[in-house]
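Visitor: Residue numbers (this note's numbering), protein chains in the order written: chain A, 1 to 309; chain B, 310 to 627.
Please note: incorrect hints may appear among the correct ones.
[As the list claims (entries may be wrong)] If you want a taste of the chain B side facing chain A, the calculated C-beta under 7 Å gives, among others:
id, residue
1, Asp358
2, Thr452
3, Thr453
4, Phe454
5, Leu456
6, Gly501
7, Leu502
8, Thr503
9, Pro522
10, Asn582
[Stated by the list, open to error] Just a sample of chain B residues kept apart from chain A, beta carbon distances all over 12 Å, derived:
id, residue
11, Ile457
12, Ile524
13, Arg546
14, Pro547
15, Pro570
For the record, the hints were derived by calculation from the structure and aren't laboratory data.
Glycine residues also receive a C-beta, built at the ideal position from the N, C-alpha and C atoms.
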Amino acid sequence: MKRFLIAATALGTAFVGMPASHSAAVNGFLAIDDGNTRQIYRLNENGTGLTQLTHVPSGQQAFSPRWSPDGQHIVFGIFANGHDRLYTMAWDGTGRHLLRKDTPAWNNDVATYFPNGKRLVFARCHSDGSGCELATVRADGTHFRTLTHTGFEVYDFAPDVSPDGNRIAFVKFNAHGIHSQVWVMNANGSGAYPLTKPALEAGSPRWSPSGSTLIVSSNCCRLGGNVYRIPVPGGRPTQLTHTSWPLFSGGSTSYAPNGAKIAFISDRNHPDQCCFELYVMRANGQHQVKVKTGLTAVLSVDWGRAVVS
Amino acid sequence: MMRAIPLAAVALLAAAAALVPSASAIAPHHAAANGRIVYSVGAILPDPDLSAASQIWSVRQDGTHKRQLTHLTKPAQAGDPDVSPNGRRILFVSNKGGGAFQVWVMRIDGSRQRQIIHDPKHDAFVPRWAPDGKHLVFTRCMTTFGLIECTIARAAVNGAGPHDLTGGHWADFSAAYSPNGKTVAFSGDRNGLTSAIFRIATAGGAPRRLTKPTIEAFWPDYRPDGKRILFGDNFDRPHTNTLTMNPDGSHVRQLSHLTDPDSNFGFARYAPNGRKVVADYSDGSGREFLATMNADGSGLRKLVRTDNLTFADWAVTS
């Protein structure tokens, strides 16, 4: 019954071509994964330049891409042989590399980089479905460390690191009698607190480039849902999309690196809920436009920062 | 998959149990006499497993003289029995004839089975008699794009005038009338909670939450004197115990004190005299039973081995 549309982030370049070496807050590629083809793609904001980055065989699925801060790599998950594992690859899809090994008792899911690019945080889930905790690891796969410790059937998931690298937002499922709630904690795992009220059933948190707000998706695990902006450390949420039940907007979202726009997923044009498509809107919720990708099961999106010299 | 209870918590619970009044102290005056126990074996819940059997039975309160009241062939099922206030009829749900689960009524001996709710677009679960014997509440569920939403509905026992008491896109479930018929308690996942007990006036209005989110409370039942509500904790997780509270949600007390993390005592209902409860009990070894317990938490007794989810109600002597 539970529907988890997994959040993701991206870093990329504004132009099709090799990323440059010095960072600037210029919008670059969007990275998406598609549930029908089970592959990861890269594209420009206007839908041009769609490029398939993964070519996993039938029976496997590539998911939840996130760009490295230097624009050179993407971390992502692959489901294969009954388990999820994290990999990195170059920006053009070459050089796939297993981030870290783990025992069959664990799945490694939904990773994201710290802003310095040297560490990642990811959800480490019991293979028997009994819970997920958050953990960090260096980009070379060493120095694994568990950040959160959850109880039975409690799931810490979808972490996102603040732009200053000091805080992590994540969603906590099924804790304290609450379906889904976005929490914020310090980057070392201390000081965790719930940011959203239970009734919002919030998930998929993403930091704004300023670090002062998060966007979240409502109605986790049930029909309907919209994108909300909420101040950190807390306050009244502002609804940015207004898609009517049972359709949804959100599930996965991503701020543009310059903070002016937000990418999100929606089935708003499909009353039969056949298709999840990519949309972009201004950061205030106005001017919501579908991005034509030709893909009809977009599950997550991440908007990268172009790295220009 | 099971959750352990710390020893310190067990000690606290034992101490709390000592404060619970005795069964005789909580029995209402002029209490009705307890008759047979009617129960179903098989999980008829949203998204039911139609490959399994579910039939309705009755048994004496000492566990003897078991009788099978329904005789359906898979995938037809019958379950969720509720005995009328006068002890002569049973509400239940069944999918016989195919399609959605609907509310039926039959005599206490299983004869004269008759469908009373005709709503093929919704599944009906957990019907409960109103104290006047003329109305019922039940859970009305619909699956939309694979997700289940349920409301609490009310109708006349002849099926007339069905209408929702609750609304919104939630999974409200398992309602029970208060003995005065003015309110209905139900469990639901409203407002982002896993499960809590709510109360709503039968005349309508906004539901009021009675239990804390952390209890994950479900399956309420009013004591016949209306002064306590029985319910289970740990909804949708292993290790359910049964608790009671005042009708306003105050003074929560734990009734069963199972310590084995693989054991459960849930889906409990009061006996007509209020001195006992009947419930689904699993003892931690994988075996499941129809069981009774005194209303003060003492005297757990296995009546019938069922080895499947068991929903029971206790009839008044008719």
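Visitor: Does the closest beta carbon of chain A sit nearer than 7 Å to the beta carbon of Gly501(B)?
Guide: At about 4 Å, which falls below the 7 Å cut-off, the nearest Cβ of chain A leaves the hint on Gly501(B) intact, so it holds.
Visitor: Is the shortest C-beta separation between Asp358(B) and chain A less than 7 Å?
Guide: The hint is violated - Asp358(B) has no Cβ within 7 Å of chain A, the shortest such distance being about 15 Å.
Visitor: Taking C-beta pairs only, is Pro570(B) more than 12 Å away from all of chain A?
Guide: 9 Å, violated
Visitor: Classify the label on Arg546(B) as holds or violated, using whether its beta-carbon is more than 12 Å from each beta-carbon of chain A.
Guide: 6 Å, violated
Visitor: Taking the closest Cβ pair, is Asn582(B) under 7 Å from chain A?
Guide: Asn582(B) check fails; min Cβ-Cβ to chain A is 33 Å, beyond 7 Å.
Visitor: Can you verify the interface hint for Thr453(B): is its Cβ closer than 7 Å to any Cβ in chain A?
Guide: 6 Å, holds
Visitor: Could you let me know if the closest chain A CB is still more than 12 Å away from the CB of Ile457(B)?
Guide: The claim breaks: Ile457(B) does not keep its Cβ more than 12 Å from every Cβ of chain A (closest is about 7 Å).
Visitor: Minimum Cβ distance from Thr503(B) to chain A below 7 Å?
Guide: 5 Å, holds
Visitor: Have a go at the Leu456(B) hint: is there a Cβ in chain A nearer than 7 Å to its own Cβ?
Guide: 5 Å, holds
Visitor: Does the nearest C-beta of chain A fall within a distance shorter than 7 Å of the C-beta of Phe454(B)?
Guide: Holds, about 5 Å.
Visitor: Would the non-interface assignment of Ile524(B) survive a Cβ cutoff of 12 Å against chain A?
Guide: Non-interface label on Ile524(B) violated, nearest chain A Cβ at 7 Å vs cutoff 12 Å.
Visitor: Is the interface hint satisfied for Leu502(B)? The criterion is a beta-carbon contact with chain A at less than 7 Å.
Guide: Nearest chain A Cβ about 6 Å off; hint holds.
Comparing the model with each earlier hint shows violations of hints 1, 2, 10, 11, 12, 13, 14, 15; every other hint is respected.
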